[in-house]
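2 protein chains.
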Amino acid sequence: MNFTKQKPLILVTNDDGIMAPGLRHLVSLAMQLGEVLVVAPDSPRSGQGHAITLEEPLRLRKVTYSLPVEAYECSGTPVDCVKLAKNVLLKTRSIDLCVSGINHGSNSSINIIYSGTMSAATEAALENIPSVGFSLLDYSFEADFTQCSKYISKIMKEVMTNPASPFTLLNVNIPKLLEKEIRGIKVCRQGNARWVEDFVESKDPRGQSYYWLTGKFVNEDAGSDTDVYALEQGYISVVPATFDLTHYKQLQHWETLKEIQIDDV
Amino acid sequence: MNFTKQKPLILVTNDDGIMAPGLRHLVSLAMQLGEVLVVAPDSPRSGQGHAITLEEPLRLRKVTYSLPVEAYECSGTPVDCVKLAKNVLLKTRSIDLCVSGINHGSNSSINIIYSGTMSAATEAALENIPSVGFSLLDYSFEADFTQCSKYISKIMKEVMTNPASPFTLLNVNIPKLLEKEIRGIKVCRQGNARWVEDFVESKDPRGQSYYWLTGKFVNEDAGSDTDVYALEQGYISVVPATFDLTHYKQLQHWETLKEIQIDDV
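Residue numbers (this note's numbering), protein chains in the order written: chain A, 285 to 549; chain B, 285 to 549.
Hints in this document: simulated from the structure, not taken from any laboratory. Don't take each hint at face value.
If several chains are the same, the list does not tell them apart, and a pair holds so long as it fits within one copy or across any two.
Said to hold, decoys possible - Pairs of lysine to aspartate or glutamate residues, derived as EDC-like cross-links and limited to a Cα-Cα distance of at most 16 Å, are as follows:
no., residue 1, residue 2
1, K441, E504
2, K289, D509
3, K438, E411
4, K441, D428
5, K289, D380
6, K533, E340
7, K438, D482
8, K460, E340
9, K291, E340
10, K542, D488
11, K441, E319
12, K291, E319
13, K460, E357
14, K289, E411
15, K375, E543
16, K441, E426
17, K533, D509
18, K487, E442
19, K434, E543
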């Protein structure tokens, strides 16, 4: 890798794969702010969460990208991409910013937990690389990513120049609106919405059942301070996120478990 | 499914797969407390995090288990197992407790985020099923799971009879000690330890490089209130966990992003 140290180094990844238009648009914006390294899955890896590849070896292949940046496709998950970028491709050169996306579809609310895009950003954050995941609420391959360009550029700049603290991670979701219709940015908590799921059952030619996951996103959270609410109102939602999953409010309650002693059990 | 409603219904899953001794031991303990349904991956799925299967159909096959319980193996991830149990096998019958494990190896600290065992428990919790993931700090297939049996039974009972609040999720890690050596239970926060990673590079017969992930667990957290510390001291660690990833302490800091308006960008 031949990156200079004069400019910030920005790692760009995603979960929709190296061919995704959302990735290309994010790369084009990152190029305006620094030197760019792209490491993305060689095929779509949506819903991979924080999966890593342990049972198989990983492949990493340099590719000619449609923009003049150094780019690699990886056989593994989005989280694997970040690990390989850091430990194999860059080693001693530090990463100044990691951006993941632009995801084709929402990662608001509970989606953050299933999302490969957000998990890649999380992996960077836990390595103390300031990190942002971007998602547009449009699943289409032909989604118009240009309408939110100026906001994305500004958020990247803000995070690079003014990290809140070590281990910064932002979950940014963008409504499917024209630039002039976007009402601004809201800083939010993660909404307590969820998927009400169903499985479609079919039979294969041998008569064996198989199931496809399907579901409906349901918001049961009445708060006006959530990401889901902000998006409904036409705002870009920003949720500062963490990988410390401790439920601090419940610590006290479970103190009773300490009373379990070997004599009692 | 022919479960009575007289007894609690306990769903048991894991990420080491349906053949794992740790699963079998957890099933044997759950049988003492209620009716048991086992749905586990058909092969080991460690490190799958919160991955779900979207690009392929899922298979679910009834198997004859080594204990007299209803058991299914699933072609998907641990999270898929929970979704299939709830939505395909049980539908209207509610689940009183979900237990995941006993994992062969630690899920303390940051391991929770990579762990299929813990992600299955998380999936249950976000469906408002009281849920516990159990892990023993012994990766061996022949690990002795009997030494912690009484503690596990007691924790399961506590959670079923006294849920702290909706959406309970406990991450329980158990030191590799004899029963008489275990000093008790500590309720902890998630330690801020992490993996310092490396990739072993090899060449395939065609001369192409491939990489295996490897790494060393490093605890940089000096706190004596962490799960890592409790385990080192010979205690069973219990971390109440959440799927709300909002970094509440950083909300205020990022309020500055609200100032970004379309005229500025």
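Inset, instruction - Please work out whether the CA atoms of K441 and E504 approach to 16 Å or closer within one copy, between two copies, in both situations, or in neither? - result: Classified as neither; 34 Å inside a copy, 30 Å across copies.
Inset, instruction - Classify it for me, K441 with E426: is the Cα-Cα distance of at most 16 Å met within a copy, between copies, both or neither? - result: Close neither inside one copy (27 Å) nor across copies (52 Å); limit 16 Å.
Inset, instruction - Since the copies are identical, ignore which copy is meant and state whether K291 and E319 lie within 16 Å (CA to CA) inside a copy, between copies, both or neither. - result: The answer is within: 6 Å in one copy meets 16 Å, while 61 Å across copies does not.
Inset, instruction - Indicate which option fits the pair K291, E340 if close means a Cα-Cα distance not exceeding 16 Å: within, between, both or neither. - result: neither (36 Å within a copy, 42 Å between copies)
Inset, instruction - Since the copies are identical, ignore which copy is meant and state whether K460 and E340 lie within 16 Å (CA to CA) inside a copy, between copies, both or neither. - result: neither (38 Å within a copy, 28 Å between copies)
Legend entry - Homomeric proximity label, K289 with D380: Cα distance no greater than 16 Å: within (11 Å within a copy, 56 Å between copies)
Inset, instruction - Could you figure out if K434 and E543 sit no more than 16 Å apart (CA to CA) within one copy, between two copies, both or neither? - result: between (56 Å within a copy, 14 Å between copies)
Legend entry - Up to 16 Å CA-CA - E319 versus K441, copy category: within (14 Å within a copy, 55 Å between copies)
Legend entry - Same-copy or cross-copy closeness of K438 to D482 [CA-CA at most 16 Å]: Close neither inside one copy (40 Å) nor across copies (34 Å); limit 16 Å.
Legend entry - Within, between, both or neither: K289, E411 at alpha-carbon 16 Å: Intra 20 Å, inter 48 Å, cutoff 16 Å: neither.
Inset, instruction - Please work out whether the CA atoms of K542 and D488 approach to 16 Å or closer within one copy, between two copies, in both situations, or in neither? - result: neither (52 Å within a copy, 52 Å between copies)
Legend entry - Same-copy or cross-copy closeness of K438 to E411 [CA-CA at most 16 Å]: neither (23 Å within a copy, 37 Å between copies)
Of the numbered hints listed earlier, those contradicted by the structure are 1, 2, 3, 4, 6, 7, 8, 9, 10, 13, 14, 15, 16, 18.
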